Amino acid sequence: MTSTFSEFEAVIGLEVHVQLATESKIFCGCRSRLETGQTLADVRPNSRVCPVCSGQPGSLPVLNRKAVEFAIQAGLATECQIAERSVFARKNYFYPDLPKGYQISQFDEPLCLKGRIWIEGAHQTSRWVTIERIHMEEDAGKSVHSSDGTQINLNRAGTPLIEVVSAPEMHAPEEAGSYLRELYAIVTAIGVCDGNLQEGNFRCDANVSVRLRGSNQLGTRTEIKNVNSFRYVEKAIAYEIQRQVKLIREGGGVRQETRLYDPDRDATFVLRSKEDAPDYRYFPEPDLPVLQVSPQWREALRAKLPELPRQKRTRYQTHFGLSEYDTGVLTAEKELTEFFEAALLESTHLGLPLADAAKAVTNFLTQEIARRMKEQDGAPMSAHLKPAHLAELVKRTREGALSITGAKQVIGEIWLRGGEVEQVIQSKGLAQVSDIAALIPLVREVLNSCPVQVAEFKSGKEKVIGFLVGQIMKKSGGKANPGMIQQLIRNELGQQQEETKS
Amino acid sequence: MTPNQRLPFDLKQLHHSIDSIHAAFCRQEIGAEELTLEYLSRIRASHHNAFLCVTESQAVELARQADRRLRELGSEVALARYPLLGIPVALKDNLQWEGVETTCASRILQGYVSPFSATVVQKLLDAGAVILGKTNLDEFAMGGSNENSAYGPVLHPTHLDRVPGGSSGGSATAVGVGLCVVALGTDTGGSIRLPASYCGISGFKPSYGRVSRYGLVAFASSLDQVGPMARSMKDCARVHAVLAGVDPKDATTREFKVEPDLKRPIRLGVPHQFFGQGLSPDVSQVVKSAIQKLESLGAEVHEVSFDYSDAVISTYYLLAVSEASSNLSRFDGVRFGRRPLEAENVLDLDSFYKKVRSQFGPEVKRRILFGAFALSSGHYDAYYRKAGEVRELIRANLDQIFEEVDLIVGPVAPTTAYPLGSKTRDPLEMYLNDLYTIPANLAGLPALSLPIGVESQTGLPIGLQLQAQRGQDQLLLDSAIQWEDVFKDQQKEGV
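The listed protein sequences correspond, in order, to chains A and B. Take the first sequence: its letter number 462 is residue 462 in this note's numbering, and every next letter is one higher. Take the second sequence: its letter number 158 is residue 1158 in this note's numbering, and every next letter is one higher.
One should not assume that every hint holds.
Covered by chain B, per the in silico footprint, the following chain A stretches (three or more residues, Cβ under 8 Å) [unchecked claim]:
| no. | segment |
| --- | --- |
| 1 | 53 to 59 |
| 2 | 96 to 110 |
| 3 | 285 to 293 |
Each computed BS3-like pair below joins lysine-lysine, with the alpha-carbon atoms no more than 27 Å apart [what the hints assert, rightly or not]:
| no. | chain 1 | residue 1 | chain 2 | residue 2 |
| --- | --- | --- | --- | --- |
| 4 | B | LYS1365 | B | LYS1354 |
| 5 | B | LYS1386 | A | LYS91 |
| 6 | A | LYS91 | A | LYS114 |
| 7 | B | LYS1354 | A | LYS274 |
| 8 | B | LYS1354 | A | LYS142 |
| 9 | A | LYS91 | B | LYS1354 |
| 10 | B | LYS1355 | A | LYS91 |
| 11 | A | LYS66 | B | LYS1249 |
| 12 | A | LYS142 | B | LYS1355 |
| 13 | B | LYS1365 | A | LYS91 |
| 14 | A | LYS114 | A | LYS225 |
| 15 | A | LYS386 | A | LYS374 |
| 16 | A | LYS246 | A | LYS225 |
| 17 | A | LYS312 | A | LYS395 |
| 18 | A | LYS359 | A | LYS463 |
| 19 | B | LYS1249 | A | LYS142 |
| 20 | A | LYS91 | B | LYS1249 |
None of these hints come from the bench; they were simulated from the model. Computed from a predicted model, the values in this text were never measured in an experiment. Don't be surprised by glycine CBs; every beta carbon is placed ideally from N, CA and C.
The following block holds chain A by itself, in its conformation from the complex (with noise of 0.2 Å):
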């Protein structure tokens, strides 16, 4: 993006509501929350609904208590100041599945300020970015069109979500991946969110502007809203800063709106212009009292916080000496993060040493198994598959009685079917052969068949090996020990050139 638009700087701040994880609703006692592997579609509509949710007349909201303790949390674990006194305000406007008529909001008081997120990018570009506020507010319902017109679900609605409103200081598409990458670690590591990203647990609005580099002033910003995935949001992002720079370049000017990002066309378009926005009319909610948050409470809930995400990242670096990226990975997701500690776990009862079982586990974690929930778009660890089976593959693959081809395979047997180590190997019969008297007539048959590898090896060529291992493994069908046959050739051919040479 800079190259292409050097001259150009894009300026992107970021809003991101948060469906909190609590088991009822923010102003009542129906339930909000769904069971795992549930959808919003099992449930049938309007079946979570009451006087309260459904804006009966007379009805009045309580707050749930639980639901303020989640975003204190949220708050406090992305370095917000905590306000002592915070006020809910009624936003309002008309529309069908918004059952008062207005939305418990919280405006000018928030319970949340100033906190920041950490991200990480690639060549040193790792930094803070500003948070300017989290407040609570109340989910709306669903409208469902259909020829037959609209009906309104409102399963949905007084669901509790924070509102996560950073500062316009991001400039890239990917940065504004990395903070919402690194904001959805946070809150789902924490605990306060489900992190359900098709049911819209973690939705974003992102606001985009472009001005010329070196200015201090914000050019005129449309809004995306509601992208619920964040390759989505960068996407969207990405067109937008080209759609700007191409209209300014064009001598016209940005239309202050709010678009919406269509994935099949890879392109925003326009929901409603500025004047067309309407006038929320807020001011505080009467039948509320002021939220009062003591500090002992608020440290009360400090208290209660896991490792966050980054200091796990800090923590697996030193201790376990894995990189920046693997790390990333590892605490990206919750069900991640905990199926690594958990293996952890389950290979020092296996008399593993914990570095190198570190290392191993998170190598089948973030190559085998994050691909694997990555193809599926987000898609949970897979039920088979428990902790004490990597712990397992970990063991063999170390005694040489599996290879790392061999555990994958294994890893996608139980992640489809499940099972256990030693039955799927040897069902697919993928014992590894460290039996020196089995492999000798392989590694003598390969090295009959190319003597001119060989020639090569002898007169100093050490990378062609590789070759030589490689065709020793193929012959054994992928079960040989690449370790061991790579001494037996050295045994074949003679120590000798390798002494010469060092």
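Fit chain B to the known structure of chain A by using the hints.
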């Protein structure tokens, strides 16, 4: 009731007190069902338009239940357990009662059946009360004359060409003509006290936060409060004792510190600003002589200064209409709210809202528009925020007064009940009527209207307003109960 008070219960007597009914139950002179049927037949025969809905079958069922309890538990135990057992009561029709229509006297809620009961209604039922029906009011409690009802005005109990006052006019007239023993009203800017004063009955607005608003269809949430209206302050206090208390469903209810009994003469504060321009000489004279009467009974009377009487009306109306504009947003015809036929085939949402919301009456529309304007982004600071600041000044001023006196005393309204239609053309004139009652709402004070006499020429009732510091509801009620008999002689008994 005292044991030697052995007058037989007269069913046809216009007014019955809770005590006289309960005494009759004890003596088995009458049953709850018989009493209920008498009141239901009075309602049927009445032409005051006080009731919007009479819940005959529920009432008879509740009365039979009361009789069963009297029979099974014995009257002593039954009355101890159910303090309002068998008492015929009415609800202002902005209170939800499950299974019964709640219209708020608006076209827009016609046919809306409550899916739940207000906390106060549940408490009445739990106390054994027999609910006879729902009373008429100004649409969404917006008005001071009960002429803003979509179902026609309520008539004054005795002077049929006059207004009963509003917005709890149906409840006031129902009590006034003996259609029920007690009625619940709601008071946002005087809506209990004003009609009580006009109709010559007792009406009590508790401290804000003393009684649950859950199930009261909100007009202005920070001002609304539910209270009793009855023939005596004693009965009001009995009902209030049932209604009061913290409700987990209403976050604005709270505990109040109970002050110990006064060990000295009570101090009354008289703000001279409440006797200025606009107050009718007759009302002024009756109120002043009532204050003298109290002084002669041992009260200390102090002149105090309420410095914001010029700001009261505008402050109140800005806050009330702002909150109302938001509270009434939900009447959009989507989940509830009558959909007029012409709203069914519109093509866009805005036209739909327009058709549905056109059903509001003119006063409600006026307030929604004012409120939406006062809250709009360009005007918020000048109107809503400023009004909130003045409200704090008013509250502080009243707090200061209550450091010197126990009760503030003065008129309820500038005049007695006026002729129907005489003020409908000028909303501002109607608003000015609320000058004396509004401060209690702005500051969350308990306040009541006690009948003290009548206007000499017309015979129309005049009320005395007593207000106390927030939380001092009991002191206020006890004082009024102590004094109410003194003024009984000065009123023409009956209708």
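Run the distance test for LYS1354(B) versus LYS274(A): straight-line Cα separation, threshold 27 Å.
holds (23 Å)
Could you grab the alpha-carbon distance between LYS1386(B) and LYS91(A) and see if it respects the 27 Å cut-off?
This hinted pair holds, its Cα atoms lying about 19 Å apart.
Between LYS142(A) and LYS1355(B), does the CA-CA distance stay at or below 27 Å?
It holds: about 23 Å lies between the C-alpha atoms, which stays within 27 Å.
Taken at face value, is the distance from the CA of LYS1354(B) to the CA of LYS91(A) at most 27 Å?
Distance ~20 Å between LYS91(A) and LYS1354(B) Cα, so the pair holds.
Tell me if the straight-line CA distance from LYS1365(B) to LYS1354(B) falls inside 27 Å.
holds (12 Å)
Going straight from one Cα to the other, do LYS91(A) and LYS1249(B) come out at no more than 27 Å?
The hint holds at about 22 Å.
Verify the proposed pairing of LYS246(A) with LYS225(A), using a straight-line Cα cut of 27 Å.
holds (21 Å)
Are the Cα positions of LYS114(A) and LYS225(A) separated by 27 Å at most?
holds (23 Å)
Given hint LYS142(A) paired with LYS1249(B) - CA-CA distance at most 27 Å
holds (26 Å)
Quickly compare the C-alpha distance for LYS91(A) and LYS114(A) to 27 Å and report which way the hint goes.
holds (23 Å)
Do three or more residues from the segment 96 to 110 of chain A put their C-beta atoms closer than 8 Å to C-beta atoms of chain B?
Coverage by chain B holds for the segment 96 to 110 of chain A (5 residues, Cβ < 8 Å).
27 Å Cα cutoff - pair LYS1365(B), LYS91(A):
holds (20 Å)
Of the numbered hints stated above, none is contradicted by the structure.
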